[in-house]
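By the count of this note's numbering, the sequence shown reaches residue 201 at its end, each step adding exactly one.
Worth flagging that the hints you see were computed from the coordinates, not collected in a lab.
By construction, the Cβ of each residue, glycine as well, lies at the ideal position given by its N, Cα and C atoms.
All the given hints hold, so there is nothing to weed out.
What follows is a list of derived Cβ distance ranges for each label pair:
no.: 1; residue 1: Arg29; residue 2: Pro87; range: 27 to 37 Å
no.: 2; residue 1: Val123; residue 2: Ala99; range: 17 to 27 Å
no.: 3; residue 1: Arg105; residue 2: Glu185; range: 13 to 23 Å
no.: 4; residue 1: Arg76; residue 2: Arg180; range: 25 to 35 Å
no.: 5; residue 1: Arg72; residue 2: Arg180; range: 27 to 37 Å
no.: 6; residue 1: Asp39; residue 2: Ala197; range: 42 to 52 Å
no.: 7; residue 1: Glu82; residue 2: Lys200; range: 22 to 32 Å
Think about it this way: if two alpha-carbon atoms lie no more than 27 Å apart in a straight line, the pair counts; the simulated DSSO-like pairs of lysine-lysine are:
no.: 8; residue 1: Lys18; residue 2: Lys79
no.: 9; residue 1: Lys59; residue 2: Lys124
no.: 10; residue 1: Lys18; residue 2: Lys59
no.: 11; residue 1: Lys79; residue 2: Lys124
no.: 12; residue 1: Lys18; residue 2: Lys124
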Amino acid sequence: MLNSVSQQRWTADDRRKQLVRIGLMMLRTQPIHELSIDAVAGQAGISRGLLFHYFPSKRDYYVAVISAAGRRLLRVTKPDESLAPPEQLRQMLLSFVAFITRRRAAYISFVRGAAGGDDYVVKVYAETRAGLATRVLNLIGSPDVVDQPASLERLTVHAWLAYIEDLAIEWSGLPEKDRPTTDEELVDHAIAALEALRKL
Numbered sequence: 002m003l004n005s006v007s008q009q010r011w012t013a014d015d016r017r018k019q020l021v022r023i024g025l026m027m028l029r030t031q032p033i034h035e036l037s038i039d040a041v042a043g044q045a046g047i048s049r050g051l052l053f054h055y056f057p058s059k060r061d062y063y064v065a066v067i068s069a070a071g072r073r074l075l076r077v078t079k080p081d082e083s084l085a086p087p088e089q090l091r092q093m094l095l096s097f098v099a100f101i102t103r104r105r106a107a108y109i110s111f112v113r114g115a116a117g118g119d120d121y122v123v124k125v126y127a128e129t130r131a132g133l134a135t136r137v138l139n140l141i142g143s144p145d146v147v148d149q150p151a152s153l154e155r156l157t158v159h160a161w162l163a164y165i166e167d168l169a170i171e172w173s174g175l176p177e178k179d180r181p182t183t184d185e186e187l188v189d190h191a192i193a194a195l196e197a198l199r200k201l
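Produce the complete structure using the sequences and hints provided.
Printed below as a string of structure tokens:
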């Protein structure tokens with residue numbers, strides 16, 4: 002009797018989701034451009050050619066994986082809406098720092114891919130940052146500037162997120178015993194920095 006797994010019938014959508022999940026798992030330890038299509042196909046138990054039945058090109062597959070990574074970041078940093086806005090902001094930042102710490106190599110690859118000008122990475126990175134900025138603006142009571150790219154407050158929040166991101170990347174790269182603060186203290190610093198910037 003054949004193994005039930007080998008007999009499993011996949012819809013095209015299910016197979017695409019499976020392949021993207023495999024890519025996300027591999028992205029934890031390697032940059033997006035180093036993902037091996039052969040390794041992904043092998044992990045899924047299909048041929049390289051069949052993978053390209055679901056994704057027309059390697060670039061299409063990479064776009065799907067990096068887009069899923071951006072959505073995952075927004076999902077895991079979404080705070081509990083039953084909390085007061087200041088606590089939601091704090092929870093969001095703690096989740097952001099934890100996400101970067103757990104997936105540091107992949108996150109750096111994400112940031113560098115955007116800095117390097119790869120079109121699809123730039124687009125996903127910009128959308129992810131905009132999603133985080135929108136969330137912060139809503140939490141600090143400035144929803145009216147979310148759709149105003151030239152708003153000083155929106156620009157400030159956007160730049161502040163870049164600061165926190167870099168701070169978390171550098172902090173998480175230190176041996177735990179050498180980190181000058183805890184994650185809680187790092188978030189306290191982040192919130193104080195935002196408050197100071199808004200007063201300028």
